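Quick note, the sequences are listed as chains A and B, same order. Its first residue numbered 33, the first sequence is counted upward by one per residue in the working numbering. Its first residue numbered 33, the second sequence is counted upward by one per residue in the working numbering.
Relax, there's no trap hidden among the hints.
Covered by chain B, according to a simulated footprint, are these stretches of chain A (three or more residues, beta-carbon under 8 Å):
{"hint": "1", "stretch": "87-97"}
{"hint": "2", "stretch": "102-111"}
{"hint": "3", "stretch": "116-126"}
Note that these hints are calculated values from the structure, not bench results. Note that the structure is a prediction, hence the values are computed from the model and not measured. Quick reminder that beta carbons are idealized off the backbone N, C-alpha and C, glycines included.
Protein chains: 2
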Amino acid sequence: MYFDDLPVGYSFETGARTLDLAGITGFAGTWDPQPFHVDAEAAAASPYGGIIASGFHTLLTAFTLTLEADIWNEASMGSPGMDEIRWRQPVRPGDNLRVRAEVVDANASASRPDRGRTTIRYDVLNQEDALVMQFTATHILRRNPEKHAP
Amino acid sequence: MYFDDLPVGYSFETGARTLDLAGITGFAGTWDPQPFHVDAEAAAASPYGGIIASGFHTLLTAFTLTLEADIWNEASMGSPGMDEIRWRQPVRPGDNLRVRAEVVDANASASRPDRGRTTIRYDVLNQEDALVMQFTATHILRRNPEKHAP
Numbered sequence: 033m034y035f036d037d038l039p040v041g042y043s044f045e046t047g048a049r050t051l052d053l054a055g056i057t058g059f060a061g062t063w064d065p066q067p068f069h070v071d072a073e074a075a076a077a078s079p080y081g082g083i084i085a086s087g088f089h090t091l092l093t094a095f096t097l098t099l100e101a102d103i104w105n106e107a108s109m110g111s112p113g114m115d116e117i118r119w120r121q122p123v124r125p126g127d128n129l130r131v132r133a134e135v136v137d138a139n140a141s142a143s144r145p146d147r148g149r150t151t152i153r154y155d156v157l158n159q160e161d162a163l164v165m166q167f168t169a170t171h172i173l174r175r176n177p178e179k180h181a182p
Numbered sequence: 033m034y035f036d037d038l039p040v041g042y043s044f045e046t047g048a049r050t051l052d053l054a055g056i057t058g059f060a061g062t063w064d065p066q067p068f069h070v071d072a073e074a075a076a077a078s079p080y081g082g083i084i085a086s087g088f089h090t091l092l093t094a095f096t097l098t099l100e101a102d103i104w105n106e107a108s109m110g111s112p113g114m115d116e117i118r119w120r121q122p123v124r125p126g127d128n129l130r131v132r133a134e135v136v137d138a139n140a141s142a143s144r145p146d147r148g149r150t151t152i153r154y155d156v157l158n159q160e161d162a163l164v165m166q167f168t169a170t171h172i173l174r175r176n177p178e179k180h181a182p
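Bound conformation, chain A alone (with noise of 0.2 Å):
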């Protein structure tokens, strides 16, 4: 899809994943190895009770899945950046996660006719379709090339 199949309002919805013990203490101990992600013993003293996933990993897993929903990527020159990530919810060890999103804004380029900015607002689910996580993000997308040319 291109930048004119996605519109304010189009909205999908992504496949699930679940994230077990060992990849969430694997990604943590490469990218964000505070206790509560890391270490049983201190997660279970800390005020989560438990070991929890990185707001990092779980960042990256909506990301991954959005990109296997194949909705823009074909169309991708890339992003200049994100809003507002909250993370609302603990995601825990056996909890399977999908994103739901919509296309909250979208303005085709003055000066490069050949592209557009669309922005997406991504809400992360678990299970019991919870929201554990939110954020906006800016893609700049190619127009379809049959019709604006570059």
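The hints should help you fit chain B onto chain A, whose structure is shown.
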């Protein structure tokens, strides 16, 4: 350091880390396999003219450099979120990244006397001092338990 040791205006700089080609394509292969992160030929034909690091790789490198700088992590009780993530300039193989950070907001909790919220602006710089990425993160930090009992 505790919440009270990091007032508004407190700044610090981290150590540095070089992202090499194998690290960039390895990270992206798992978490962000867009062609311009993993495929040399496709990347050469893209607007970037060659492989660039996933923005998430830059973000996580900055985050781990920050943990290693040992500023707030001993006091960390987690994070409610991040804002204004901006990728300003591509990161390419061989780039050497470091982080310059400044506390921009600090609020002791009214309801929970053992903690506060500290917001930090992070600038990620390369070996030429060019700003490649910025983000703001809020951290829940413990207060000194000898002075502020739970």
